[in-house]
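Novice: As a plain string of letters, each chain reads:
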Amino acid sequence: MQVNKKFIAIFSIVLVAMLLAPSMQARPTGISNVETGCSCHTGSPSSDVSVFMTLANGSALPETYNAAETYSFLVGFTGGPGDVAAETQDNMGGFNLVASKGTLASTDDSTHLMAGQLTHTDSGNDQTSWAIEWTSPASGTSSFTLTVNSVNGDGSATADDHWAQSTFTMSSMGGGVEPMEDADGLVVLFSAIILVVMLLFVAIVYVFYRMNPEGFSWAAFAPWIAEWLTSTDHKKIGTLYFVAGLFYFVVGGVLALLMRTQLAVPGNDFLTKDEYNQFFTLHGTIMIFLAAMPMINGFANWIVPLQIGAKDLAFPRINAMAFWLNPVASVLIMSGIFSSNAADVGWTGYQPITGWVGTHTGATFWVAGQIMLVASSTLAGINFITTIACMRAPGMGWMQMPLFTWSILVSIMCLFISIPAFGIGLIEAFLDRTVATSFFNVSAGGDPVLWSHLFWYFGHPEVYVVILPAFGIVSEVLATSARRAIFGYRSMVYALAGIGFVSFIVYGHHMLTSGMSPALRFIMMLTTMAVAVPTGIKIFNWLKTMHGGSLVYRTHTLWALGFLITFTLGGISGMFFPAISMNTHLHETYFVVAHFHYVLVGGVVFGLFAAIYYWYPKMTGRMLDERLGVIHFLIAFISYNGLFWPMHKLGLWGMTRRHHTYFLQANEYSDVIGTLPPEAAGWNMFITINAFIFGMSTLFMVLNMVVSLIKGQKAPADPWGGWSFEWLTTSPPPTPSFDEIPTLIDVNVNEEKEPNWLMRMMVPDDHGEVSE
Amino acid sequence: MSYDEEHEHHGSAWGPHDWSHGAPHNSWSPIIVSLGVGVFLFGFAGTFAMNETMDGTIYNPGGLPITLVGFAIIISGFLIWWRQDLSFEGHYEPKSAGVPFKNIDIRKVGIWVFLMSEMMVFSSLFSTYIRYRLNTESCQTILDNHSTYSNGVPFSPGDACWIPASYFIAGSHSESWTLSFGGFGLPDTLVPGAINTFALIISSFTVVMALQTAKRTDLDADVRSKKVRNYLGATLALATLFLILKMVEWFIGFNIGPFHAPSLLEDGYTIHNTAYPFAGSGHGEEHLTANLRLSASTFYVATGTHGAHVFGGIVGLSYMTFKAHKGGYSPSNAVSIEYFGLYWHFVDLVWVLVFPAFYLY
Amino acid sequence: MAVGGASYNELFEIFWNWSIFVGVIVFGWQLHHSFFYRAKDGEVPNIDNLKVGEFPLHYHNGKLEAAWIIAPSILIIYLCILIIGPTSDVWEDPDAVGVEGVDYFEIGITGYQWYWEFDCRELSTDLCDVGVDSDTGLTTLILKNNTLYRIDLTSGDVTHSPYFVQWGAKEDAVPGLQTSIWLSIDLTGKFFIDCAEFCGDDHAYMTAILEVHE
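Those protein sequence lines, which keep their order, are chains A, B and C.
For reference, each letter of the first sequence is one residue, going 1 to 772 in the numbering used here.
For reference, each letter of the second sequence is one residue, going 1 to 361 in the numbering used here.
For reference, each letter of the third sequence is one residue, going 1 to 214 in the numbering used here.
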């Protein structure tokens, strides 16, 4: 019975939290106990005290107001012990006034604003009426809640002090029609997150219950959850990474949908500019650092040790540390979002706006959170580089490593070498914002462009860090689906390494209009063009892999083919940026937004979707439902292109990113006219609709994953017919992942020609040897 | 298998590990340390905030306890980590299987990879330093130029110009040159830095001695442990001396017998100083009112990051000295000292670069 | 609607055509292979005899691989040569490269949160003037058609970036640094100057008008 009580308790807490969540924002704060009088005076409401609120000249409050006009009011009370105290002119009373609409203002030192509410000051204690001002809103009915205290003048809060409350209303001249309450974006987000957290908790309990429905007991739940919190097993940490990444995909996606709603029509005011700025900052940071990177780390954790035939990663505890820094950092990064005080600087955190005093305080925490993510990435980097270098199974030389492992190695190397620069930049920015050092403070001689260099020296490799694993995934998926060996394995590896190397010498193309030296811009322009060559090799190799093959269509095959289309489009649109004379037009427009979403969503996310459908059976031991998968692919692929393709056009028209709204040439929506042609409004609406469809299509995948976990078909060890080691163990694999370290057989061993100098360096001498 | 059984198999997530099998070991340490770091940064950002004019700090004492709690959580997380590691006797030292690190301890590869990242950390700090040092005009040049910049713009009081820390530490500003031996002089303010350089170099030696002693098989276990402990203790003492002298140099200063040196704080070399009267050399009473915030920020953060690495070493050394005291090091796991030594030599090497770049130049 | 400068339009067209060319090849190839080489229903063949735990036989062709290293490289080199020329339009000083007979006029723009401040230096009101637009009430910069201007940029607070949409020209206005844009005016009418670098709350409203007269 105790079990039920606990369950009911938790359930009711969840329920209450969900009910309260939307109202938190609206709840008046600042002065407590408004309903029962000012907090300093107890007692009960008294009928001796009568409350009045009039215009300043003493005439009664009008029923209607003119929009955006400032009114002078007199508020006060008569009767009660305050009249007695009138003789001494001391401690006669106080008041508190809340207006549901419009803005209250104080006119003299007897009143002041506290948290948007008007109340008396110390010196205002000695009055029974107060003069105030109110600026009316554009429309709607405003109700004024006036609470007064009538005090006997003895200076102590006693029951013989009386209080009273009354409500007055004024309506707009346009009539008393109350327009529908605007949805406050923050409340929507807050509720959504609370809801998701609660659902997550319920899901965790449910997952635990499903594992052993008969033996379910709360007593066993604690050690089970403790096991997850303390585990150093690469598979468990991989799952944790994966779940955290998926969770933040939802959060980042909700932010994106709110932004798209704001942009659906020109001149919209669904979100305030302040909220919009926070949302796009957090959307970028979350999607890159808290969604894409953890998802990739999740797959890397799961698959790399399995592919190279290792029992676990080299440093399991450091691996756990690298994960747990993530959720804690995410709290810091998100902090301030509920009080509308989160970072509002863009994910690039350009200086000097990040170090500027007018930026929200949340930016400090946002920087702090990212410092933790830098630490996390460094730890993960040590782990993966060491693991891949040291723990390959016998027979697996560098040139027998599966391409996914190669892609992880190259991407982690890029990350590892670049991220300390970002870390140092962040520490400098953090100290600027806390102890007021002056690294990026222009008035003290600091240089904002230095931040751009430190950031993009990391930032450009970073985008390759997220895309390279997708390359690896597609290489695995396409080859397995086509039932062929990957075409040009060696050139694939060299292309990966080439992209990794080039990533460090092209970062300046993000700064072509930043005031960087022309010589450096010129060099970066040419190096950036060179990125196309290794990327082209990969695309052609993938296409050639299908040649003469026998493509088995599964959901992951579809995603890989979809990836080829979208990533190629993204790659082609990328070719427009390095040319400086085009870049000056396209930089910071929606053309850029379209380009990097084509590469990051069409590349990374499609790659990750392919990986989910490809490796889910290995991870859980259950097959995913193919029908739901195909529906997911079709809806998502079409709406994805509808979502991002029109953005190219918007960018060419000159629609600038990071603007919370935009205006058309025609003067029809606002007195502020803008640059965009009238048809831009239609396209923006089209984009928003597609954004919602794309967002919702992901639910099919989540549904698929949940349903399949419970009643999916049991998965065999090698459902797709791949060759690498992860298909050797059972699905799901045991702990440690291999009972016995396997040995890789290379069927090429007999026809290997005399190795050249490079091969001699890369391939072990005991090539193919079985011993150890 | 029930959850209890599985749990037991992994050993305690709090306590000493059973190193006899290679299975993953559960640990509460990662989640606790991560939480601590989060609380620490949260508290720190709540305690200090730059002021409205961005040239000073608003100190909010209410946040300090949170910062300290965060720090305590981090330390307790590490204590759990070490408690698990204390039992490590070298039974389970995984070796690398792949080329080019064949048969090398995996931990050794890991520490080298880690040092690679550390090199990038200090490279970035040096980049910042070089950027500002080379592109900010030196106050001395402006003074020599009759208070004009080299492009002819007149210098106005409160403008930023560069006064290197060496001006206060080793340059003409340090008037007392009492420590001189027949023509070779050492400014007093340079004394802490000079001692520190030797302290770090000697500590690199003592840590190697600890390693070498721990590897000796001709000694009794008791004698060996004692010697190892003493060497590690000496390293710890020298590292602590380093940080103490750093505090002396930055904040306290000294006035001992014939030696008088003001701290950099007393000299006015602070990150908030917007009006330092710079007299330079060779211009008598003439002086500039210089904003030296950038110069000071670069100095304190670069040398401070190095100091933080020394502090990290102290934390690690405390554990190792304790373990040595308990007789934890034997020839079979002496390599653990080597891995710490790699890090320690790196910190030493960085100092060898930081010292001339920031203290002498 | 003309958006972007002359060199932008010219380059964009070339790049656009090559994009279509590359796109047709890649997508045509992919479409053909994904339908032509698909497995028949219920058939799960194993062409290359993939086996778990066995690194498969290399499937490669040196000549083909070399071909698609060399062909894109040639295209890239060709495009690189194309884009080098117009680069000089963006920042090069006609004096420095010795172009004869090119007169240009210097004006200044300073960005503030959230407005632009125009500085006509010593130019006559015919060449440069600052006013207020009667329709919108926005600050207006009035310039003369068929004239080359060099605009020196800086900022009084955070980084901004004036964006002359019709000429596809923008450059960051960084505090403590002077940058410049070359603006070769070749259209008359009223145009917008937007801010293209995120600068805080009213970033979207940081607009001014450029009015060009004959």
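No wet-lab data here; the hints were simulated from the structure.
Quick caveat, the model's predicted, so the values are computed rather than measured.
Hints may contain errors.
[As the list claims (entries may be wrong)] From chain A, some residues computed to sit far from chain B (all C-beta separations above 10 angstroms):
id, residue
1, THR103
2, LEU104
3, GLU227
4, SER231
5, VAL331
6, MET372
7, ILE382
8, ILE385
9, VAL435
10, LEU600
11, LEU728
[As the list claims (entries may be wrong)] Derived BS3-like pairs (lysine-lysine); straight-line CA-CA distance at most 25 angstroms:
id, chain 1, residue 1, chain 2, residue 2
12, B, LYS108, B, LYS95
13, B, LYS95, B, LYS215
14, B, LYS326, B, LYS215
15, A, LYS649, C, LYS51
16, A, LYS714, C, LYS190
17, B, LYS227, B, LYS102
[As the list claims (entries may be wrong)] Over the 12 angstroms line for every Cβ pair with chain A, so calculated as not near, a few chain C residues:
id, residue
18, GLU43
19, LEU50
20, ASP119
21, THR125
22, PHE198
23, HIS213
24, GLU214
Note that beta-carbon positions come from the ideal geometry of N, C-alpha and C, so glycine has one too.
Novice: Indicate, hint by hint, whether the structure satisfies it.
Specialist: Hints, verified against the model:
1. With a cut of 10 angstroms on Cβ distances, A:THR103 stays outside the contact zone with chain B, its closest approach being about 24 angstroms.
2. Once the 10 angstroms rule is applied to beta carbons, A:LEU104 is consistent with being away from chain B; the minimum gap is 25 angstroms.
3. With a least CB separation of 7 angstroms from chain B, A:GLU227 falls inside the 10 angstroms interface cut-off, contrary to its annotation.
4. The claim that A:SER231 is not at the interface with chain B is violated, since a C-beta of that chain comes within 10 angstroms of its own (minimum 6 angstroms).
5. The claim that A:VAL331 is not at the interface with chain B is violated, since a C-beta of that chain comes within 10 angstroms of its own (minimum 7 angstroms).
6. Consistency note on A:MET372: stated as away from chain B, yet its beta-carbon is not over 10 angstroms from all of that chain's, at 6 angstroms minimum.
7. Once the 10 angstroms rule is applied to beta carbons, A:ILE382 is inconsistent with being away from chain B; the minimum gap is 5 angstroms.
8. A cut-off of 10 angstroms between C-beta atoms contradicts the statement that A:ILE385 is not in contact with chain B; the least separation is 5 angstroms.
9. Not every CB of chain B is more than 10 angstroms from the CB of A:VAL435 (nearest about 5 angstroms), against its label as outside the interface.
10. With a minimum CB-CB distance of about 25 angstroms to chain B, A:LEU600 clears the 10 angstroms threshold, and the non-interface call stands.
11. At the 10 angstroms boundary, the C-beta of A:LEU728 stays outside the reach of chain B, the nearest C-beta of that chain being 17 angstroms off.
12. In summary, the hint linking B:LYS108 to B:LYS95 is supported, as the alpha carbons are separated by about 9 angstroms, within the 25 angstroms threshold.
13. With a CA separation close to 19 angstroms, the supplied pair B:LYS95 and B:LYS215 stays within the 25 angstroms bound.
14. The straight-line distance between the Cα atoms of B:LYS326 and B:LYS215 is roughly 16 angstroms, inside the 25 angstroms bound, and the hint therefore holds.
15. A distance of roughly 48 angstroms separates the Cα atoms of A:LYS649 and C:LYS51; the hinted pair therefore is violated under the 25 angstroms criterion.
16. Among the hinted pairs, A:LYS714 with C:LYS190 is inconsistent with the structure: their alpha-carbon atoms are about 68 angstroms apart, more than 25 angstroms.
17. Using a Cα cut-off of 25 angstroms, the hinted pair B:LYS227 and B:LYS102 is violated, with the two alpha carbons roughly 33 angstroms apart.
18. Remark: the non-interface label on C:GLU43 conflicts with the geometry, its nearest Cβ contact in chain A lying 7 angstroms away (cut-off 12 angstroms).
19. For C:LEU50, the condition that its CB be more than 12 angstroms from all CB atoms of chain A is violated, with the nearest at approximately 4 angstroms.
20. Non-interface status of C:ASP119 relative to chain A is upheld: no Cβ of that chain comes within 12 angstroms, the nearest being about 18 angstroms off.
21. At roughly 26 angstroms, the least C-beta separation between C:THR125 and chain A is larger than 12 angstroms, which holds for a residue marked as non-interface.
22. With a closest Cβ-Cβ approach of about 4 angstroms to chain A, C:PHE198 is found to fall inside the 12 angstroms limit, against its non-interface label.
23. Non-interface call for C:HIS213 relative to chain A: holds, since the shortest CB-CB distance, roughly 20 angstroms, exceeds 12 angstroms.
24. With a closest Cβ-Cβ approach of about 22 angstroms to chain A, C:GLU214 is found to remain outside the 12 angstroms limit, as its non-interface label requires.
Consistency note: the structure conflicts with the earlier hints numbered 3, 4, 5, 6, 7, 8, 9, 15, 16, 17, 18, 19 and 22.
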